[in-house]
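What follows is the residue order along each chain.
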Amino acid sequence: MAEQHTVSAFDDEINRLRGLVAEMGGRVELALDEAMQALVKQEPGLAERVIEGDLRVDALEAEVEKLVVQIIALRAPMANDLREVIAALKIVGVIERIGDYAKNIAKRSRQISGHRTIEPISLLPSMAQIAGEMVHDALDAFATRNAVLASAVIERDVLVDNFYNSIFRTLVTYMVENPKTISECAHLLFVAKNIERIGDHATNVAEMVYYAATGEYLPERDRAALAEG
Amino acid sequence: MVALDMTTDTVPGDAAVAQHKMTTRNVNVYYGAKQAIKDVSIDIDMDNVTAFIGPSGCGKSTFLRTLNRMNDTVASARVTGEITLDGEDIYASSMDVVQLRARVGMVFQKPNPFPKSIYDNIAYGPRIHGLATSKADLDVIVESSLRRAGLWDEVKDRLRDSGTALSGGQQQRLCIGRAIAVEPEVILMDEPCSALDPIATAKIEELIHALRGRYAIVIVTHNMQQAARVSQRTAFFHLGDLVEYGVTTDIFTNPREERTKDYITGRYG
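First to last, the protein sequences are chains A and B. Position 14 of the first sequence, counting from 1, maps to 1382 under this note's numbering, and the rest follow consecutively. Position 155 of the second sequence, counting from 1, maps to 188 under this note's numbering, and the rest follow consecutively.
Just so you know, nobody snuck in bad clues.
Capping the alpha-carbon separation at 20 Å, the derived lysine to any residue pairs in SDA-like fashion look like this: (1) 1458(A) - 286(B); (2) 1409(A) - 1481(A); (3) 1409(A) - 1484(A); (4) 1458(A) - 1384(A); (5) 1561(A) - 1532(A); (6) 1458(A) - 287(B).
Pulled a few chain B residues facing chain A out of the computed Cβ check, cut under 10 Å: (7) 284; (8) 286; (9) 287; (10) 297.
It should be emphasised that the hints constitute simulated quantities derived from the structure, not laboratory data. Note that the structure is predicted; figures quoted are calculated from it, not measured. Glycine included, every Cβ here is placed at the ideal spot set by N, Cα and C.
Isolated chain A (complex conformation) (with noise of 0.2 Å):
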């Protein structure tokens, strides 16, 4: 099909968009990176830059919004462009929730820091190195319009879920043993069901992606498990 609009402006507002998308999605994925480092290795500096990099984060949430208010109101978007476009303004929605909880487990990070008891940590690198690596795939697979890749994220979820579960089960395990671990373990816990939360978001962002690519909703078989979450 041919790529360009006839009108040229158009392509430089939807390429303009796909930026601003991609942006922020680069954001969150850091942010998440550096919140997971900063809570590994105690670097109360790593938190302090992942909260104030939030505010950047909302702010491009903003500007894709105009944008896509404009967009509608002046090129009258239709089809595959129109799917795009409503897509771009959900998925921005959607990152700066996860940019949110990069910034809870940030937060979490500076107060558990310190007074560090038990090491139950190492799961939860891996889970949020999954999470992380869905919410890239999806904004890839947004990026160049891939259905498939899309998919292939929405499978992962599961992975994320087991961890979480494990995870629950260790920290419980530990807070029953030992009472004086129940505040960190708590903090923890929170940790945890925030990077499940954001496999969560990942997979709504991917069936988004899988709309605006094909026209057609991922079968419900997909969804209702989604819900079941």
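Starting from the known structure of chain A, arrange chain B on it as the hints suggest.
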């Protein structure tokens, strides 16, 4: 998501309709040696407004004109294939063309009221078709036609004024009223709003919405947003081919054919 059966160009779900108002099968139109329409098969129903879209020269207006044999007036034009109205072949030798054009009315791009009074513009058709036996009958037809055309309140106090003195949008509604006055079953509209401002256009679109169901309406438009706003079925023509025919929402959100997608998203070269 419904899949279109492109072999017959019918829309799924329409099979439940007992009989299509109009059907065309394997219609070809030639202007001399040049083929303007290639093997088009399509069904038109009472319940839907059908929009024909496509770039200039794609054949959409030519095809529209085959539906009430307006192409008969073009000496070089030749039509093959079958077109039926209520199951009856409109190109059969037994078909009375004047009667056909009363049943399948037409509204053109440029408003073309007769240089007569508003009243006579509406009354002309019913008079020659013998639909009114008295002045009182005619008055009723004129009022009801103007009401249905959404023009009555604007002209009821000046029915003796010339139709050509009205604004462009009013003239177009007068022409729609004139088509309605002879009790048509199908109304064909060829770019009815392209000479009108946005407010007059909105009034015509509202009128099309109000008339839906009472008449089978087919509209040719260059304005894709208009097709999206007024129609329930959209047919995309390109170089004489019917590329895609389907539910309007599907055509504009998820077209099946690359050529349709390129055209409606503004990528048509």
